[in-house]
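Asks: What follows is each chain in one-letter form.
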Amino acid sequence: MTTTAELVTKGAFDLDWRKVARLGGLTALGLVFIALAGMPVGLDSRILIEKYLSLGYVSLLWLSLIMGWLMGKETLLEGMTATRKSSRDAVGGACVGALGGLGLAILGLLINTFDLRDPLVNWSPQTLDILTFGGGVGVVVVWIPICAALGAVGGALHLAPPKVAKATIAAILTVLMTAIFATFIVDVVSPLDFLYSKNRELKLGWALVLAAVAVGFVFSGGGQQLARVKADYHNTTGPAKTRQTAALIVVSAAVLIIIPQVAGKITQELMANIGIFLLLALGLNIVVGMAGILDLGYVAFFAVGGYTTAVLTSPNRGEDWPGWFPTLPWWGALMVTVVVASLVGLFIGAPVIRMRGDYLAIVTLGFGEIIRILFLSDWLNGYFNGAQGITNVPPADFGVFEVKGTDPRSVFYLVLVFAALSIYVSWRLEHSRLGRAWMAVREDESVAEAMGINTVNVKLAAFVVGAILASFSGAIFAAKVGSIFPTSFLILVSIIILVIVIVGGMGSILGVIAGSVVLVGILGGPKQPGLLQEFSQYKLLIYGALLVWMMLQRPEGLVPNVRRTRELHQDEFLQDAWLKGQVDTGEEEPAVEGGEVR
Amino acid sequence: MNRLLDIQRLSVSFGGLHALRDLNFHVDEGEIVGVIGPNGAGKTTFFNMISGMVRPTAGEILFEGESLIGLDPNQVTQRGIARTFQNVRLFANMTILENVMVSQHCRTKQNAFGALLNTKGFKEEEAEIRRNAEEVLGFFGTRLVGYRLEQPASVLSYANRRRLEIARAMATRPKLILLDEPVAGMNPKESAELTGLISKLRDDWGFTVVMIEHDMNVVRDVSDRVVCLDYGETLAQGSFDEVSNNPAVIEAYLGRPLEKKA
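Here the protein sequences line up with chains E and F, keeping their order. Heads up, the final residue of the first sequence is numbered 598 in this note's numbering, and it's a clean run with no missing numbers. Heads up, the final residue of the second sequence is numbered 860 in this note's numbering, and it's a clean run with no missing numbers.
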């Protein structure tokens, strides 16, 4: 649907100065914050393009570009007036950028004059050095034209024909991604290392070639073709759709099986980590996404899974276990683990489940910590070795195939099997009697109860299914790491799993997969490095920023669940339905096709 | 006739407020009973108590001779009492079909394992649930079927939301159905149509109906018996004409005429 808005022409300097001041101020604040958070200094040693560009400078450059673009962005409303795109957008962008640059320049001068190193660690000569490119203090003003130019480019993206704008963005992103993900790219496809110099710095010549390829791709209509294929898939229905989906699943499974064969250790390790968190997120998705129980202590079940497996397999478990206590192979331990996890799920769930909303969240938060502290405690020291943890957990032995931490590929295959199982479970349950009851409880618990649903049992079922999925993950984690410590189960893990589910899209299986890939794969888990290893220091900062941005712009998540979207965008949804003539006005309707009276 | 619901000396108080006081009430099988009364008379509290959402402080509720006191709302529904809500409370983001499917929960029994293994029993039960849902929705003509089945309940018009609430209650396969202001917010034509459907609920589906309603035309047309509540007490009961001419009822609605001072 296109929006028709009347276009008004405005002069190049007829700007909305209030907006300029707001965005410019934001840019300045953002840049000063980034500089003082230490990103330019910390990331300066990571050179992206040989001799020319370091990641530290990129961290200062991107903001002006985006803010300049935002300056020219206008929400089109049906029947309202809009401004014709003109050089005005570029001028606006330049003003915003200049204000941002001014912020940096002032920061540079202040650093030179005052000493605030005590509270602000990065109020340092090194920061100043970066800001002045190693020159004298005066050079710092050069940021004003630099940022203004970037802002102008951002604004000018509105002016350029859509293809040119797209090609520019594609070129910038391609070069940056290739440079940032150098280690990963070489790890997956080792012949590609000709692109990089010895320190994994992208060579300038190849950077230009890549940019040209990206531009060529956009101009040859590659993007449109991709979009068309996607739209085709979206519009197919019936058995054809089932076939296509099946084919898609087979192809993705094949790709997932092949990649670890050709790729190196880094990729294998990364995929194994993504898988472990995916298992956790799938479990939490059932609890939070489907049944609407906000569980902030989900890590408890991960811990129970890990510790049960470790106790049952390791010779180094505590000394107080009775002599008859068995030592099992991994798969045997897994079965016990599942039973133990469901019992713990019931035990924690039974008192907690009668509460609602905030109270429930707080209590689960408490239980998550209690479980960890129990494993850490002196009281159970004889069983779980307290802070020393349980070491020497043997690899999972399947006869033909052994899963151990030094061979991340085997871990990944094991995780893949369990992830497939968990996805199947989530998918089947969602469309069953139990899944519908979960949905009803999420929508309105009292009414669900009045409609004959035993809400306590249904919610307990969600808790137990979630606990079992988490225990799978714990069991694999124990075999992978080879040792289990209480510090692996900090509250941060619960939070990160929850963030995965929220960012991915609550209640959506594909969303949870996307969320784990983006968060654990790219940013890294609580202790596991991701693709952006350089940013690991700023991981929580980025998590926070991402979460705030998501909640403002896309609260339904990356790959949303249809219902969730409806819930969060009720007004827009109803408006769309109205435009399509689907809203029920309550007037007498003519008989509708296929709706014969019974 | 069999006595289906028998309420004896039922009282409930919230703090110092007596919402219901020593209420005696009964419903025979196959009756349609209208409950009327001014605002704040305790009508909805009365329904909440029967459906188990509020615990009475004293008294007894017998359904088919067995006490309902202390049962949870889902157990009451399981016994065969379904209700609708005065302020329509649908599962707004579930589709119309799902709204009616989910309320058959207590009449079906497949567990998670059936769903996981996709057993024959599971498939049969799902088909059965779907068939029942469509049958119940078909009760309202073409309004809630066809392309509407897959639409979320939130797109429905007010009158259709009320109809869907009734359908959802019907799908629990109750013996007694409690309707809380079923025609509120409907225009005269719609309420006349719904009046006809309420009689059908008894005649074709065999439900006994208790209905709270402010629209006296509906109450007159459909009720076998009318009970008037005020201040949590039964003011009058009997046929519509008897109740509507009862001076106490008129007084409760309109107030007492001013006494002339001598």
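Simulated from the structure, these hints should not be mistaken for lab results. All figures in this text were calculated on a predicted structure; none of them were measured in a lab. Careful, some of the hints might be misleading.
Computed cross-link-like contacts, SDA-like style, restricted to lysine to any residue with a CA-CA straight-line distance of at most 20 Å [unchecked claim]:
#, chain 1, residue 1, chain 2, residue 2
1, F, K707, E, R428
2, E, K19, E, L102
3, E, K527, E, R428
4, E, K73, E, T9
5, F, K721, E, L574
6, F, K707, E, Y383
7, E, K198, E, A212
8, E, K230, E, A246
9, F, K718, F, T706
10, E, K265, E, L192
11, F, K721, E, G238
12, E, K241, F, E748
13, E, K230, E, V251
14, E, K265, E, N199
15, F, K718, E, V251
16, F, K798, F, G628
Asks: All hints, please: hold or fail.
Replies: Okay, the hints, checked on the actual structure:
no.	hint	result
1	F:K707 to E:R428	16 Å, holds
2	E:K19 to E:L102	17 Å, holds
3	E:K527 to E:R428	33 Å, violated
4	E:K73 to E:T9	15 Å, holds
5	F:K721 to E:L574	34 Å, violated
6	F:K707 to E:Y383	41 Å, violated
7	E:K198 to E:A212	24 Å, violated
8	E:K230 to E:A246	15 Å, holds
9	F:K718 to F:T706	14 Å, holds
10	E:K265 to E:L192	16 Å, holds
11	F:K721 to E:G238	19 Å, holds
12	E:K241 to F:E748	18 Å, holds
13	E:K230 to E:V251	16 Å, holds
14	E:K265 to E:N199	18 Å, holds
15	F:K718 to E:V251	30 Å, violated
16	F:K798 to F:G628	11 Å, holds
Going down the numbered hints, you'll see the structure goes against 3, 5, 6, 7, 15, while the others check out.
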